[in-house]
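Chemist: Using the sequences and the hints, build the whole thing.
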Amino acid sequence: MTHSQSIPDYTVNTKWQDIFLVVLGFLGIFFLTLFFFNHEFSHLIMSGPHIEFSFNKFSSFLGLVFCLSLFIGIFPVRKENEISKTFIFYILGGLGIILANNLITFLLFWTFQRSLPGFRFIHGIRNGSTSGGGTYLVQHFITFACLVVLTVLASRSGYASLSFSQIPASFFTWPVLILSFIIIFESHGIFPFHSWIHDLVGNINWYKISTIFLARAGVLLFVKLIMPTIDQDPDLFKLVLLSLSIFSSIYWSVRGIFETNVAKITTYFYVAQSSLILSGLLADRAAAHGSYLQILVISLSGTALWSLMSYIQRHTSIKRLNQFYGLAQFYPKLATLFCLFGFSMIGTPLGAAFVVEDLVINGLLDQQPFLGLGHILATCLNGILFFLIFSKLFLGQTAYPQKIKNLDMSLGQMIPYVLILFVMFLIGIFPSLFLRNITW
Amino acid sequence: MLDVHNTLSFPAILTRIRNKLPIQNPLHGFVHNNILMMFEDKEFHDALSVAGQLYRAKSYWDLEQYKIKFHENKISEKDITDGIDQYSLHYHDSACAQKLGLSLKDFYHRLMFSQLAFNDDDVQPEIKDGTLWAQCAEKMSGQALDLSLDKKKYRAKEYWEKYYNESLASTTHPYIINLISSFLDQGQSFWANPYLKSGFWTYFCEDLEIVRKFGSDWQKNLGKKLDFFKGYSTEQIIESELTRMNIPREAWEDFILDLLFDLKGWSGMVNKLEVEPWQATVKAPNIKLVDFIAALLLIESSLDEYHALNHSTDLAMIYGREEITTLRSFQLTLALYQITNDFKLPHSWMNKLESGEIVTIVKNIESAEREHVIRLWHEAFENHFYREALSAIVSHDRGQLDVSNTVAQILFCIDDREESIRRHVEEINPALKTFGVVGFFGLDMKFSSIKHKRLIAQCPPVIEANRIVREVAKDSVNAQRFLKINSFIGGSDLSLYYMSRTLFRGFFSTIILGLLSIVPMFLQVFFPKQNKSFKLKVSQLISPVPATEMDIDQIQEGQGYTKLEMTKIVESILSMCGLKTEFSKLVLLMGHGSSSTNNPFKQAYGCGACGGNAGISNSRVFAKMANDPEVRVHLKDVGIFIPKETYFASGFHDTCTDEMHFFDLELMPSEYVEEFNRIKIDLNKACMLNAFERCQRFSSPEAKESPEKAIIHVRERAEDLAQPRPEYGHSNNALAVVGLRHMTKGLFLNRRSFLLTYDWKIDPEGEILKQVILGGIPVAVNINMDYYFSCVDNDHYGCGSKLPLNLTSLLGVMTGSSSDLRIGLARQMVEIHEPIRNMTIVEAPLERVKKIFDNHGRLKNILYNHWMRLCVFDPESNTWYLFKEHEFQKFEVEKLAIKYFKTSKERVIKSVTEDDFSEIG
Amino acid sequence: MEYLYLNLLVLPFVWMCFLGITFFFRIKLTENFLSESVKWISLIMSSLSLSLVITVIINRSQHIFFDYPAWITIGEYLFQSRFVVDILGSTYALLTSLLIGIIFRFSRNYLHKEEGYFRFIFLLSTLMFGLMIICFARTLDLIFVGWELVGTTSVLLIGYFYIQVQPVRHSLKAVVSYRLCDMGILAAGAWAHHYMHTTDFYELHELLSSPHLHDSGHGGTLALAFVGFFVIWGALAKSAQLPFSSWLPAAMEGPTPSSAIFYGALSIHLGPFLLLRFYDYFTHFPLLLWIIGIIGFTSAIYASAVGRTRSDTKTMLAYATISQVGIIWVEISLGFTQFALFHVLTHASLRTWQFLRSASIIQDFVENPVVQQHEIIHRNISFEKYFSEKIRKKIFIHALHGFHLDYLTQKTISFLTWPLRAYFIFEKRWLDLNNGLVKFLFKKR
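Chains as they are written, first to last, in the numbering used here: chain A, 2 to 441; chain B, 490 to 1410; chain C, 14 to 458.
Derived from the structure by calculation, the hints contain no laboratory data. It is possible that part of the hints are untrue.
Said to hold, decoys possible - Each computed DSSO-like pair below joins lysine-lysine, with the alpha-carbon atoms no more than 30 Å apart:
id, chain 1, residue 1, chain 2, residue 2
1, B, K686, B, K777
2, A, K265, C, K186
3, B, K1340, B, K1069
4, C, K424, B, K702
Modeler: Right, here's the structure in full:
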């Protein structure tokens, strides 16, 4: 039931925040230079006894996107969000996954990052504060088990500490494929192994959840481990992967349409968009480029949308999206930003996602004509979900106006968002600029 | 069953409900009405608070708007004190003031300037005075105060909306609006509703019979209810349903009213078509308000049951619930702190009172703040205008009545828009004397023009029009041809309207007419004026309107007037203007009206006295009567000596295009024509200046440059298809002056005053004054109140913006594809209006005025309940009286400085917005 | 010739970007400046398109192609930017610039002092840009760009009064229909790429009519038929044919000029325009022509029946528009493409005129000599005379409720999403089970 509670106003200690933002900014620039001047040290590999990191083009791209979107997501709303100390571990875990070059390092950092929320849930259950988290722990335990079995199998034939690219195609027998299939889909939140996402929302802060997604563990494993030898793998494997990732996007959109909790809806919209990345990668070369671009678009716009939503939730007491709140009268600048980000994500022409949509769909359809229709249905449902969120939040007039403070965003806060928007529409109008220098 | 005259019997409740429903006519017969006419027996502010709850509207401007006026010193300190005096005459809850040790007036003054906001739970108080806070906290510790709205809530609608966001409007209104708009349709849809004769209730039941198979669950509930109530009469259904919902009989009236006011437009129209079926655009269907109530009630109760089932809540708990908001001790301390600061009370005032008493004080102050603050500000705002107006009129040196060289006497309507044209006419040619008389010239007639046979009542709705006057062509030969062509064009227009929207005939009409329609569209949008003249030429060619005359003689009962009746009418109008003997050679009778295109509210701009229509027929009929030699003979023995050479000419002033047309000129004696043409030149110059004055309020820059450009702009505005503001109509009307012209001659009143001519010297017993006041003042108050309510809350009292309006069933307008029928005026019509109650100034002996107001029911109510304000200037004793506390009190008018300008044009250029009144000439 | 139609494309785009930039840098444009500049733009556009039409007629209306470097090239996939100037495209461009010019002039006074005036002008310029792309596009991908732009501006203008709830709710209704049907065009473009490696109408036509169609690795006739079907599916929502015609009467929430230009003239006729563009393709598949004919005929009958019971101007005009567009679909299916284009032009101008004049209906009726008082207006009903009183009453009630189209769509949506909603419930239970399990494991003893 929607009552108007008073909005707690508290001071945020910014000591930790400034450190995090500086670290993120520094890392972002580091990865940026790495990405652009990549041909010199594309083969740079740091390798300890078993740990091996690689700074190739794809990893540096993922790292760049990771730091940039987190920085731009948190910087404008830093006064509104109390960043907790454990956030640094999430960042380290995420970067570890991105740079991992062999199974052991991937296992290590994956368990490190995914266990952090796990401890939080266990702590919550122990003193009875949070009720959720059960599925998260169960599913992650299963995946952890699969990962361990996979590394054991690999180490038996000596590939465990070998870097991904050197693993021969013969290694990918049926059990290995099934195990990697489970790990990839679980960590990316694809249909059959997706229920842990329901627990995340509401118990974990939004920027921590976005670190988990921005690490793109599933995508990384797929691109590094499976991708090079994809054509030798049996067709059935690719077909199952493709159909499940498309179906999961449809699942998340429909789930978002029927959901009313505000925080959950944004997460479902984000995950619905990101589960289309895998379907792009599975199709041919053009679609892969499309998904490459999609990772950039979703990370930047998605995180920006999330931070806008956290800004709204901080200043209003909106819990359930079951009526038209009409915030546009109170937050005109915020409404325009939210709307433009959404348009650039759901594929309106002149937005970045239109190019992505076109590439991925055409690439996909060259592979599977009928499955491609599923992808088209998914993008259309995403569009409907976005319009639903936007009109429920910003348009209309609520019969019982909540206690809404007219604190629209200051111009200073808007500059990072405007930057991303400029990039998005630049991609939308001149896509060839970006697509040219995306290579593997 | 309780007998009829018992107040709780259903018929009694029904009649009380009928009175409270909106009373707006279908748009074709729109007349300005005080929409709270039925509340006039209550004091103004009480009526507004009752109506505010009923219409769910705010009855005053926002507080900020008054505060802005205060900062622009449009409200001065003196106004505030006068306003408080005026207000505290009637509202003196001084109990609370004594407790604070303040006088009532002081209490009100501090209340107005206090910023009490203690029941807003997250206001962060900046506490400057710690000790006071501690003191308040100590006093208020452990106290709690519940501010419960006294009335129990019986409707579950708010409950569902507040806690489950189930909005009744979005689920049931599209269904019922669809039914009612198709049943009340006057001819706009191609298929007439087949149930028009059998009545709304049978239609509602048979419609549900089909829809329940395809409808949602609550419609299935509704179907079951209707099966249960088969064969019952609608009254029985309502009574049994209300008793089943165990709502006490006393609450029935409020419950049904609240139910009807969800769709206030439609319910008002259903009631209007049942009570006054002749008002319908074409033919009123067989509908009764009781059927509509039964339908709405059953829909609501079946929806309640559906929701109760879904959300598993017990309905009994919802019906008759109490909404209570409690103030905890923290808020009470905050309240006490704010009260002590805002009211500048000594800190020790609360020591002698114990905390229980202080809580009641807080309760009283909270309710006082909610009720009185906005009213006090409104009184102060109005007071500023009254003071300015009175001082302008008092300090205006009237000079003596110069009757000497009057070239012509022109009778204008009392309308406030005519004030500016009369002023311009007098400035241009002082020899032209203007008079203000009721626009329908006393003719209670139904007029049918030659073009279409409809009998249109050309008199105020208050008067019962029973005489029929026809416009007859002079020679019947080309009249027959004209009528034949005209009805052919009309018939083809009508069938084209229906055909172009159907399937096969629609196909053919699109093919033939499609590309043709680009030409009129292009012309009318880009060149409105040339398009008008082109259309006139074409219609002159095809069917020239034959020369016509008015057939006013009485052949059989109810047709035309006898000579005696004519003399009576002419005598009453001429004596109103004080014209007994001195008649100039030419007397012009200027009716008025307004022409605009693509405007559903065209009727609202017409002449209020002629029932919203143009006053052309009235002025032509009156001129014919006055020129009739036989009538002049009868007039002599009634004391009115019209010299033989006086000629009455009939004219018409279009307030939108500022054109003046004259009729029956061929009857005018030839030697007057040259004189008449010179007058016409002066009149046209006056029209240009009038257009120039009006254009200052429009925003197009080139119209403000010169009168020549202004007249062109104004005429283009009337023809422009896309113009939501052809003219600003009665905006800013606030004054009515009853008396001779010399009281206001040479005074710039900024088009804000009705001017009624009355000569007190020639009317010893006050008979003429009675006619003047009865004819003019109720109309002025109606117009003033209609504009007041539409301007104050345009969404609930008015009909919102004109842009999305959608004409329905030839009766009214809806917003968007389906909504409630909208009442009141559009935002574009009232955007510059200032909501001020009408002040009437009468120049006549006090006794006469008192006698009239005391023995007329409505006038008494309006005056005694402060719906208007009355000042009387007794010329005999040269003293001013103001009506206060139910009796006339002498009062001294203080003279304020007033600006002086040479001509109206100069005044208009100089200061458009600042002060309204200034001296001219 | 080339610079003619190029300017028609570039001008609205530049004007749109200019408005966007001024909005972002907080420069407040005055109303006069906006209306003056918009007047000049529509003047230039109309003269350009007029001269274009004349040049096309002079060289006996054969097609003139213009190719430009592909917008996106990755490997063998390229987003061709190819344009064509022919009689169909240029006449529609002329109709667009003329009507939008009239609407701009109309809204100068109509929306005077409205705070949403800038937004109105910006959306109409985006509409103009989208329509120009559709008029001159030669590939399905380009048409999809214009299609989406027109769809988004139409939705945003339905919700013009975004303060009230009903316009927002009805704009959501329009969003769902638009998105579901734009899917069709995207699918058609993608399948054409896949099977024919091109989405250019003329190339498709040549490939289809060439004898050695099947051996050069192109898909079977069934797949190609599906491409045609997807195009029809794409054109359904824009011209509000059955089953997507319940959103149009609800879309009358915006200001009258925006309803006039969208649902009287330009956005509603994009469906027939696309079908005319794709007509050569359909000639190879008679079945598709039958489908077009049937859809058009049924929606015409449906809309005219429901339209006859409507008693308010705007929804009545909406249903009348649907029935006329239904007839245009039937004309296309029977092959009268020239006549269909003529019918589009006449219908667009008539409806815009009727929408703009819709506020003076009461004046027309009251001043009409034939309309008597106290007598129901005689309406010469055509075929209804042959039904008995009882049946006519039943038809009237069904028609008044739009033959329960909303109810049927509700039912289909809940049927289609039933499996997913069942899974949601199952998943909820599974989540609780897990929570219970974990609580049991980690609870302190």
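Chemist: Look at each hint and say if it fits the structure.
Modeler: Now for the hints, and whether the structure bears them out:
1. B:K686 / B:K777: 12 Å, holds
2. A:K265 / C:K186: Status holds; Cα separation ~23 Å.
3. B:K1340 / B:K1069: Holds, at about 24 Å.
4. C:K424 / B:K702: 13 Å, holds
Consistency note: the structure conflicts with none of the earlier hints.
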